[in-house]
Amino acid sequence: MDKIKVGIPRGLFYYYYYDIWKPFFQELNVEIVESIPTNKDIISRGLNLANDEMCLSFKIYLGHIDYLKDKCDYLLVPRIDNYGLANQTCTNFLAAYDIVHNLVDVKILNYNIDYRKWEQELDGLFKIGKELHKKRRDIIRAYHASIKRYEKKKNKDIKDNYDNLDKEGLKILIVSHPYNTYDEYIGKPILEYLKQLGVIIIYSDKFDTLETEELAYSLSDTIYFKYSKENIGAIPLVYKKIDGIIFLSSFPCGLDSLVNELVMRKINKPYLNLVVDDLDSLTGIKTRLESFIDILEQKRN
Amino acid sequence: MGNYHIPVKYLFSKILKVEVMSSPPITSKTVELGTKYSPDFVCTPFKYTLGTFLECLEKGANILVQAGGGCRYGYYSELQEQILNDLGYNFEYINLVTKGKTSIKHIIKELKKINPHLRQVKLFYYGLIAKQMVKYMDKIDNFIRENIGFEVEENSFINLQNKMLRRFSKVKSLYQLRKIYKKYLKEFKEIKVNKGEHPLKIGIIGELYTVMEPFANYYLEKLLASYNIEIKRFTNVHYLLFEKKRKVKKYLKDAKKYIKYRMGADASDNIGRTKYLCENGYDGIIHIKSSFCTPEIGAMPIINKICNIYNVPVIFFSFDANTSEVGIKTRIEAFYDMLEMRRGK
Chain W
1 MDKIKVGIPR
11 GLFYYYYYDI
21 WKPFFQELNV
31 EIVESIPTNK
41 DIISRGLNLA
51 NDEMCLSFKI
61 YLGHIDYLKD
71 KCDYLLVPRI
81 DNYGLANQTC
91 TNFLAAYDIV
101 HNLVDVKILN
111 YNIDYRKWEQ
121 ELDGLFKIGK
131 ELHKKRRDII
141 RAYHASIKRY
151 EKKKNKDIKD
161 NYDNLDKEGL
171 KILIVSHPYN
181 TYDEYIGKPI
191 LEYLKQLGVI
201 IIYSDKFDTL
211 ETEELAYSLS
221 DTIYFKYSKE
231 NIGAIPLVYK
241 KIDGIIFLSS
251 FPCGLDSLVN
261 ELVMRKINKP
271 YLNLVVDDLD
281 SLTGIKTRLE
291 SFIDILEQKR
301 N
Chain G
1001 MGNYHIPVKY
1011 LFSKILKVEV
1021 MSSPPITSKT
1031 VELGTKYSPD
1041 FVCTPFKYTL
1051 GTFLECLEKG
1061 ANILVQAGGG
1071 CRYGYYSELQ
1081 EQILNDLGYN
1091 FEYINLVTKG
1101 KTSIKHIIKE
1111 LKKINPHLRQ
1121 VKLFYYGLIA
1131 KQMVKYMDKI
1141 DNFIRENIGF
1151 EVEENSFINL
1161 QNKMLRRFSK
1171 VKSLYQLRKI
1181 YKKYLKEFKE
1191 IKVNKGEHPL
1201 KIGIIGELYT
1211 VMEPFANYYL
1221 EKLLASYNIE
1231 IKRFTNVHYL
1241 LFEKKRKVKK
1251 YLKDAKKYIK
1261 YRMGADASDN
1271 IGRTKYLCEN
1281 GYDGIIHIKS
1291 SFCTPEIGAM
1301 PIINKICNIY
1311 NVPVIFFSFD
1321 ANTSEVGIKT
1331 RIEAFYDMLE
1341 MRRGK
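For the record, the sequence lines run as chains W and G. Everything in the first sequence is counted per this note's numbering, starting at 1 for the first residue and increasing by one. Everything in the second sequence is counted per this note's numbering, starting at 1001 for the first residue and increasing by one.
By construction, these hints were calculated from the structure, which means they are not laboratory data. Some clues are possibly wrong.
What the hints assert, rightly or not - If you anchor each label on the Cβ, the simulated ranges turn out as follows:
| id | chain 1 | residue 1 | chain 2 | residue 2 | range |
| --- | --- | --- | --- | --- | --- |
| 1 | W | 167 | G | 1120 | 56 to 62 Å |
| 2 | W | 117 | G | 1131 | 45 to 51 Å |
| 3 | W | 217 | G | 1131 | 32 to 38 Å |
| 4 | W | 33 | G | 1342 | 44 to 50 Å |
| 5 | W | 217 | G | 1092 | 20 to 26 Å |
| 6 | G | 1087 | W | 115 | 49 to 55 Å |
| 7 | W | 52 | G | 1131 | 37 to 43 Å |
| 8 | G | 1311 | W | 278 | 30 to 36 Å |
| 9 | W | 286 | G | 1240 | 42 to 48 Å |
| 10 | G | 1342 | W | 41 | 46 to 52 Å |
Unchecked claim - Below 27 Å or equal to it, Euclidean Cα-Cα: the simulated BS3-like pairs (lysine-lysine) are:
| id | chain 1 | residue 1 | chain 2 | residue 2 |
| --- | --- | --- | --- | --- |
| 11 | G | 1059 | W | 117 |
| 12 | W | 117 | G | 1260 |
| 13 | W | 130 | G | 1257 |
| 14 | W | 130 | W | 22 |
| 15 | W | 71 | G | 1257 |
| 16 | G | 1257 | W | 69 |
| 17 | G | 1305 | G | 1244 |
| 18 | G | 1036 | W | 269 |
| 19 | G | 1256 | W | 117 |
| 20 | W | 266 | G | 1036 |
| 21 | G | 1253 | G | 1009 |
| 22 | W | 127 | G | 1009 |
| 23 | G | 1009 | W | 117 |
| 24 | G | 1014 | G | 1059 |
| 25 | G | 1036 | W | 117 |
| 26 | G | 1201 | G | 1329 |
| 27 | G | 1245 | W | 117 |
| 28 | G | 1260 | W | 5 |
Since this is a predicted model, take the numbers as computed values, not measurements. We put the beta carbon where it would ideally sit given N, CA and C, even for glycine.
Take the sequences, apply the hints, and build the full model.
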């Protein structure tokens, strides 16, 4: 019998959960089909499918869905509502499943994380396993193995990030959602250009999330978005060691528009607010980055 | 928002013993003020409420009350407080909903900051009156909406409604409130209307603030009424506060072919309503929202799909701080003509 193919679109959830999904499906002997890194073709597919007011990250996600739809048996589209009372996610994360379900005609593997209703990750993965006709015992084994590997990788990332903090040089904290930071189209060119300029980059998402979530409250009392908390929590954590902050968000991100604005009004460090739209030219952004770094260099000397 | 300042004012003036300043009606100046100090791509309600706060502060208010939850409404307050502080205003900010959740305990605690002698019994009693008032107002509103397009004598509905609201703001007990409501309901039903055989029926759905604030949707309902259209609207304050929990489950069940989960804010409700409107012989659907409202954007493709299946025309409006009224009028006219033509077939 052929292996079942599960498609994982390279957007939104991918950057949070891929390190769990990959070993999990490998353990279960299921083949994974990933979409290619974001390129122009993906974006134009996304634009075709999406509503014109959706945020760029979600358009890209839909582009990946469109790319994968006839290359696999199942698509993996979870729904993530909250991780407890004060840990809500973005509304796009809640709606992703229903939107995809209505827009494309593919079988969807779906699980729901809603801690307020006692639906946790493992419950969701059981459902998936059932749909793929796997045994409960195998699922538990695969889940624990994948968590182990995920944590190993996560710890390595955190250690790298801290190592970078102790290096000599101009250090800039990137405050952004991982699905923007590591996207081939949104974040990569910016990061690469920064590296060319000799900047040491600290990532806001590569810290211990428990620690950053707690620290976020020092900047905002009433914040209740999990991913935003992870982002801005990194600022107080490394505040003394960095030279500047870059806020990177996709247009028009609902959470970032509020949270970043609030943080910018509270911090006392040089910062740059970059909002990326689906324009092709990087020149404008490059100019802004250069002048920002010039200012930081002058301040250091 | 609309006429809802009356019960709110009533409640606060009774329990807090403070002078309540109802916010001035929203004008283009309010919007301009709000837009000037807001982040770029925040949704429009933020700009409207910030503008209103600024105008109130200019007029001498020193306590602001904000409540909200659901999507990012719940996070408005902190940023607004920060912006106003940065502008150098001096005020006390009472936030009734924190972290997207609220409880009676929290509300009492916050209200005691204003009036330390607040008695809980009083709060509950007047709270109940205010709740009933909202309920009656919404019922009357729904009745007006269905009939105002066909009134024989101009402004007869509006005049009577204003009279009723004036009486409402002076009630002393629940019993009296109920009596007034009954009396006016009778009078409303006696107003002469001239409904044709089958008037056009349109359902209005969309994001809650834009649907309810007449300035935010450019008096869309008035415009539709001038075309002699019967209007059905679901969202009102009573629905949001007391019925939503129950109704959402029903909507989800009804539309389970299209949606499986709650989609945040009013999105899943609107999908359920779309199905209801399509199945109950409405001629068209108007979906309105403020721009950048993420949950509604997510709902739009699904609403579109349902309308395609049932073959009901739908039109989407996205209101921003600088949308022009003329553009909306033209689009509504075209939509109306199209509905008329479909009828004629």
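Results for each hint:
1. 167(W) to 1120(G): 56 to 62 Å: holds, 59 Å
2. 117(W) to 1131(G): 45 to 51 Å: violated, 28 Å
3. 217(W) to 1131(G): 32 to 38 Å: holds, 34 Å
4. 33(W) to 1342(G): 44 to 50 Å: holds, 45 Å
5. 217(W) to 1092(G): 20 to 26 Å: holds, 22 Å
6. 1087(G) to 115(W): 49 to 55 Å: violated, 38 Å
7. 52(W) to 1131(G): 37 to 43 Å: With Cβ atoms ~40 Å apart, the hint holds.
8. 1311(G) to 278(W): 30 to 36 Å: holds, 33 Å
9. 286(W) to 1240(G): 42 to 48 Å: holds, 47 Å
10. 1342(G) to 41(W): 46 to 52 Å: For residue 1342(G) and residue 41(W) the Cβ distance comes to about 39 Å; the hint is violated.
11. 1059(G) to 117(W): With a Cα-Cα distance of about 46 Å, the restraint between residue 1059(G) and residue 117(W) is violated, given a limit of 27 Å.
12. 117(W) to 1260(G): Given that 27 Å is the threshold and the Cα spacing comes to 15 Å, the pair holds.
13. 130(W) to 1257(G): holds, 22 Å
14. 130(W) to 22(W): Measuring from Cα to Cα gives roughly 18 Å; hence the hint holds.
15. 71(W) to 1257(G): Roughly 25 Å separates the two Cα atoms, so the pair holds.
16. 1257(G) to 69(W): holds, 20 Å
17. 1305(G) to 1244(G): Roughly 24 Å separates the two Cα atoms, so the pair holds.
18. 1036(G) to 269(W): holds, 24 Å
19. 1256(G) to 117(W): Satisfied, since the Cα-Cα distance of roughly 19 Å is no more than 27 Å.
20. 266(W) to 1036(G): At roughly 19 Å apart (the allowed maximum being 27 Å), residue 1036(G) and residue 266(W) satisfy the hint.
21. 1253(G) to 1009(G): This hinted pair is violated, its Cα atoms lying about 37 Å apart.
22. 127(W) to 1009(G): Outside the cut-off at roughly 51 Å; violated.
23. 1009(G) to 117(W): violated, 37 Å
24. 1014(G) to 1059(G): Since the Cα atoms of residue 1014(G) and residue 1059(G) sit roughly 22 Å apart, the hinted pair holds (cutoff 27 Å).
25. 1036(G) to 117(W): The given pair, whose Cα atoms are some 41 Å apart, is violated under the 27 Å limit.
26. 1201(G) to 1329(G): Answer holds: residue 1201(G) to residue 1329(G) is near 18 Å, not above 27 Å.
27. 1245(G) to 117(W): Roughly 14 Å separates the two Cα atoms, so the pair holds.
28. 1260(G) to 5(W): holds, 24 Å
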